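Q: Residue numbers (the numbering used here), protein chains in the order written: chain X, 1 to 506; chain W, 1001 to 1124.
Bear in mind the hints are in silico, worked out from the structure with no lab data behind them. Predicted model, so just to flag it, every value in this text is computed and none were measured. What you were told as hints is all true, and nothing was included just to trick you.
Straight-line alpha carbon distances no greater than 27 Å define the calculated DSS-like cross-link-like pairs of lysine-lysine that follow:
| hint | chain 1 | residue 1 | chain 2 | residue 2 |
| --- | --- | --- | --- | --- |
| 1 | W | Lys-1065 | W | Lys-1017 |
| 2 | X | Lys-382 | X | Lys-352 |
| 3 | X | Lys-253 | X | Lys-329 |
| 4 | X | Lys-373 | W | Lys-1093 |
| 5 | X | Lys-329 | X | Lys-269 |
| 6 | W | Lys-1017 | X | Lys-382 |
| 7 | X | Lys-286 | X | Lys-320 |
| 8 | X | Lys-315 | X | Lys-269 |
| 9 | W | Lys-1017 | X | Lys-400 |
| 10 | W | Lys-1085 | X | Lys-382 |
| 11 | W | Lys-1112 | X | Lys-382 |
| 12 | W | Lys-1112 | X | Lys-373 |
| 13 | X | Lys-373 | W | Lys-1085 |
| 14 | W | Lys-1112 | W | Lys-1017 |
| 15 | W | Lys-1085 | W | Lys-1065 |
| 16 | W | Lys-1119 | W | Lys-1085 |
| 17 | X | Lys-185 | X | Lys-96 |
| 18 | X | Lys-360 | W | Lys-1017 |
| 19 | X | Lys-399 | W | Lys-1017 |
| 20 | X | Lys-286 | X | Lys-329 |
| 21 | X | Lys-353 | X | Lys-405 |
| 22 | X | Lys-399 | X | Lys-353 |
| 23 | X | Lys-226 | X | Lys-185 |
| 24 | X | Lys-459 | X | Lys-352 |
| 25 | X | Lys-315 | X | Lys-453 |
| 26 | X | Lys-355 | X | Lys-406 |
| 27 | X | Lys-445 | X | Lys-286 |
| 28 | X | Lys-226 | X | Lys-269 |
| 29 | X | Lys-226 | X | Lys-96 |
| 30 | X | Lys-355 | W | Lys-1017 |
Each chain is listed here by its residues.
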Amino acid sequence: MVGTAGTVNINVQVSPDQVKAFLVLRSDHNYSGLTEYDFFLVLTQTRIKITPSTKQRVAKLMAMIRDGVIPPEPFLISEGYPPVESSDQEFILDEKYSSTKHPADDEEVINFYEQHKLITAEAGAVIGTIRSRQAGQDGLDVYGNPLKPKAKSVMVRLGENVALDPDGTTVRATVDGQVIFHNNKISVRTVLEVNGDIDFQTGNIDSATNVVIHGSVRDLFIVRGKRNIYVKGMVEAAYLFADGDITLVGGVKGREKALLEANGNIHAKFLNFAYLHAGGDVQIAKEAINGAIICNGWIDLSRGCLIGGHAFGLKGADIKSIGSPTGVKTVVGVGFNPLIYRQILQIDADIKKDKALVQKIRTSVEPLMQYLKRLTNAQREKATELLFHAETVENHIRKKEEEKKKLLASFPPTDEVELRVTTRIFPNTLILIGDRFSLIQEEIKGPVKLQLKQVQGVKELVLINQLTASIRSLPCGHLDLDVLDIPLRPEIAQPGVKSKDHVQNN
Amino acid sequence: MKIMLVDDSRTIRNIEKNVLAQLGYTDICEAGDGVEALKLTASQIPDLFLVDWNMPNMDGLTLIKNIRAQNIQVPIIMVTTEAEKSRVIEALKAGVNNYVVKPFTAETLSDKIHQTLAKLGVAV
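This is chain X alone, in the form it adopts within the complex (with noise of 0.2 Å):
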């Protein structure tokens, strides 16, 4: 824009967002003859607003024409001022569910695996807040015109099993699920599905919900499940720990690291170099190398071999074949629970203990009772404390074995319990059913059945052939804590982890 001040025509720029007016002076024009006046006629012909401010600019121009000084860059005459834009309405995740992790100082170590990508709330937990939409305010311009914040249109949308509290803020899961904002619209989905591999990509994963992995779960990831955990891929030395059932399509490759824990059941295509736990049956489909096997129910082999390792189903087994044509030691255990038998045995080694000692007072202060009234005071206190001590322990020999009671309550009566094994046991596999374990020597052909059963009043590990019905008994020995041979748990190797037991009633 240009306006004239006398002969002299002034150029008015104004910025893109006519907040801003400048005036610009050329150095090859002569200003000196100009007064206050003709800028504001300038000012006026190209419609800026002269403001009090506007005034000022002029005055401090005009001093500096009068000391023949010519500005080089344009000369902000004018100022208004912007709008304050209004804010979208936004959706803020509760702060329990923000997992990305800064170190509070130098010598804190983050545990990467940690940084949960993927977000699960139990049903009725607080998912996050609405922060409701914030109106702008009017700017000015140059020339005097109110100038408009841009209208924004963004809402938060309720999706599927999510609720909004009264407080029309709030906003909370109905199902247990898997917690997924897009395109401003916030829901739960009651499964997790996770499309790709359990990585750095997704965090380990702590799920209300059923968990779904369509790729594989990496190497010391953890994924945890209130409900069950579905595998499409592969678990390598990976911790997998689920209240209902672990289902693998693949297998495990666990490296001597993997740990996997159900409360329910666990199915998998083949196991190796794993631990494996669950309070219902353990299901592989293939063959399990050098693993360890621990469940409340059944191990169905029936299809797959056991080579090397161990593996102890406290209701049976039915394996196609055990141990290999090289004599690696494989266990096989049926009947009880090897972590609860341990117990057992340790208590019974205990009680063994006290009633020994309990002899030992009971032989030194009887005699002496009989001759009471020759006892010194001093003998009398000792023989006192003695009786009690003798009798504490008999207390507590009383509670150890109501404690050994229980224990063994929670085993099937072993008469019920059997080992099927349909195609051969190979030698060096220790077999342990009940309280009793027999070492095969030499190679046994299937299908047999292996049970404890009375003869002639004796317990006896037998074997049966089911193709002859022919029955014939084992050498056996009793269990004891030397024989019984339990492998030990994996820790959790991630850094800044605990291990924490997983299944019930361990």
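Following the hints, position chain W against chain X.
A: Chain W only, in chain X's frame:
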């Protein structure tokens, strides 16, 4: 019911405490001799005393005489190694309600406590 155990042997006091706990009495205070017992009694009189005879500073018999001299009529059971008949009579004269000779069993002690309290009409 508050019970005071007076015995210089901590082990015997623990034994008595265990027996009393089995009977359901857990409000127990302890003294290692007669002097300590009298001090405790000055602040709160228990509902039952179990007192040993032979103790340093002040023996059990002196303690009992002191208690009765103050007209404190709560039951007292003497738990002691002194088994002579003359000693028993001496204790009874001093105001003991029942007498347990060491060594004793848990059963004997609990029977004597029951007897003493029942005789005095205290519910057990």
